[in-house]
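Peer 1: Sequence:
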Amino acid sequence: MLECVVNISEGRRTTVVDAIAASAGGCLLDLHVDADHNRAVLTMAADVDGDLEEAVRWVASHAVAAIDLSGHAGAHPRLGAVDVVPFVALGSTPFVHAVEARNRFATWAAAELELPVFLYGPERPLPEVRRRAFVDLAPDAGPAAPHPTAGAVCAGAREVLVAYNLWLAPGVDPSVARAVAAAVRGPGVRALGLDVGGRAQVSTNLIDPLHVGPALVYDAVAARADVERAELVGLAPAAVVDAVDPRRRVELDVDPARTIEARLAARRCR
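If you count the sequence shown from 1, you need to add 751 to reach our numbering.
Hints are computed from structural coordinates only; laboratory data are not their basis.
Some hints could be false.
Here are the simulated distance ranges between beta carbons [to be verified]: (1) Pro878 / His962: 18 to 28 Å; (2) Arg855 / Arg875: 15 to 25 Å; (3) Ala989 / Ser926: 14 to 24 Å; (4) Pro938 / Leu888: 20 to 30 Å; (5) Glu805 / Arg764: 35 to 45 Å; (6) Pro921 / Glu805: 39 to 49 Å; (7) Ala973 / Asp946: 29 to 39 Å; (8) Glu1002 / Gly948: 39 to 49 Å; (9) Ser843 / Thr900: 33 to 43 Å; (10) Ser926 / Glu863: 38 to 48 Å.
Backbone N, C-alpha and C fix where the C-beta goes; we use that ideal spot for every residue, glycine too.
All chains, full assembly: derive it from the sequences and hints.
Peer 2: What follows is the structure in structure tokens.
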């Protein structure tokens, strides 16, 4: 089983997002839309020999046709209209399948969509790509310069992670979010402090969520600033949710129904 969590740089035009999501077909497990970030996250999955790669190509094609970065504004950093395309090997699936799917997508996106493609995963982490792209890092495939309307794409092969946002209390200055993000950032947590529509947010990726999960990160942020609410972006592995004290699941915005396994089981029952 392979998962692909496609991040597109559109979260305000709902008809556009819905049309792009529809192109994912039966592979779509979850759609998370954020107007302030101006971003949508499509969680997709299928068997290794299933339709996932074709569905990802349809999503990318529709997004490139519909999104023009020249007029784009949003809180989340971005390199492209189809910003991040990470493939993830689920369960006992060998990691090499994710790498191979990533490489096939990169070759296709460079040739068919004329996009510069930066690879991440075994070669380098995603934050390094964002920092170095078109500065001292050339694309791994495709044109040397950004596409005029669609920018570039970061194609990845990675382990399962959890995208998790902590909204700080109203009135907290975004500079506090930046300081908190720097304090909680570490081997298991990537963190950014953002100004999201005038509100302070600590946006994190939990890259080792079985050891550094939502509760630990929430508490680390809350120890340094007042937290208004938590926000799970997309889905989490069942093991991560199961590790959370049931009495804290509402506070931490995690739920057994919002796991990869639950969505896969529901889809198979249709």
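Peer 1: Hints broken by the structure, by number, lowest first?
Peer 2: Result: hints 3, 5, 7, 8 break, sorted rising.
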